[in-house]
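Q: Just so you know, the sequence shown maps onto residues -29 to -1, 1 to 317 in mature numbering (1 follows the signal peptide of the UniProt record, and there is no 0).
Calculated from the structure, these hints are not laboratory results.
Just to be clear, a hint being listed does not mean it is correct.
[Claimed, not checked] With a Cα cut of at most 30 Å, we get these calculated DSSO-like pairs of lysine-lysine:
#	residue 1	residue 2
1	Lys(-24)	Lys194
2	Lys148	Lys197
3	Lys194	Lys29
4	Lys17	Lys(-24)
5	Lys194	Lys(-28)
6	Lys170	Lys148
7	Lys207	Lys194
8	Lys197	Lys(-24)
9	Lys207	Lys170
10	Lys170	Lys243
11	Lys(-28)	Lys29
12	Lys148	Lys(-24)
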Amino acid sequence: MKPQAKLIFTTSLLLGSSITISSNHWVMAWTGLEINTLAVLPLISKPHHPRAIEAATKYFLVQAAASSLILFSSITNAWHTGQWDITQLTHPTSSLLLTAAIAMKLGLAPFHFWFPEVLQGTSLPISLLLSTAMKFPPITLLFMTSNSLNPTMLTTMAILSTALGGWMGLNQTQIRKILAFSSISHLGWMALIVCYSPKLTLLNFYLYSLMTAAVFLILNTVKATKLVTLMTAWTKNPPLNIALLLTLLSLAGLPPLTGFLPKWLIIQELTKQGMALTAMTISLLSLLSLFFYLRLMYCAAITLPPHTTSHMKQWHINKPTNMLIAIITTLALTLLPLSPMLSIIT
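Could you build the full structure based on these sequences and the hints that come with them?
A: Structural data, given as structure tokens:
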């Protein structure tokens, strides 16, 4: 892809996200989402491979259906209440349609089937973009309409997402699919708390994006896309391999790493709301995700691939580690001491 075309698509992504995040009117928010969808499609299909074209087609169909539902929801609300303001979503049918539309946009269960397939069909950097930046505008809409959404429906979808995200990731051998199911599982935690503490949803999303960015950037550096290739990655760059190991533990939510912070605050808030049983259920379901994170760690650091004496090993890469990876990985591991300050903010 030519640099000029890449610049246009990247600028369009920033423009679309900015329009959606900063708008109060439903039509402007919908316009921003459409700009985002159209800008990311050429980036997904850039490899010129049948899998990439298939991924772009699936992404377009799902996002177009979700955008049309958002438009239909806002028109229904405006018809009954005369309001186009995003925060004034009061009609129950509109609220139901919007919840389904945002679930489709984000990849929440039961609308999650497209997400692993799309990630598997594209490159690691674009997978990172789809897992983090492309989810920010829908999360913002969820944040702005949190008072109008149905808590029972969101709780059901959240528990289902955490269960399916953990369960379906267990037997995967493709790393991008494993990280896609990891994303679905994390979205369950965000959807669960959005009606009770919307700021915690945003905090969870920010920290999840940080940890996922660290994992994707490390995998892109060592060029690992399958568990088999991950087994030989330790010889390329041992420090990066250690960083990947710790970042996966952080994604799993183990203390004293950054990933423990949002889970801790969400469980605390759910207990305050008298939802201790829900908190216990989602905590137990997150153990499924912990299993495949440990499986990734096992392949990355503990096992060696079968080889003969004539097997050529991949030796260390002499070029220094990217400064961006170093900064993001450090943040993805060491933010837990800031939790008193973050708990005051939220």
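Q: Does each hint hold? Answer for all of them.
A: Do the hints match the structure? See the list:
1. Lys(-24) / Lys194: This hinted pair holds, its Cα atoms lying about 22 Å apart.
2. Lys148 / Lys197: 10 Å, holds
3. Lys194 / Lys29: 25 Å, holds
4. Lys17 / Lys(-24): 10 Å, holds
5. Lys194 / Lys(-28): With Cα atoms ~23 Å apart, Lys194 and Lys(-28) stay inside 30 Å; holds.
6. Lys170 / Lys148: Holds, at roughly 29 Å.
7. Lys207 / Lys194: 10 Å, holds
8. Lys197 / Lys(-24): With Cα atoms ~27 Å apart, Lys197 and Lys(-24) stay inside 30 Å; holds.
9. Lys207 / Lys170: 40 Å, violated
10. Lys170 / Lys243: Roughly 16 Å between the alpha carbons, so the hint for Lys170 and Lys243 holds.
11. Lys(-28) / Lys29: Judged against 30 Å, a Cα distance of about 24 Å means the pair holds.
12. Lys148 / Lys(-24): 26 Å, holds
Taken one by one, the earlier hints fail for this structure only at number 9.
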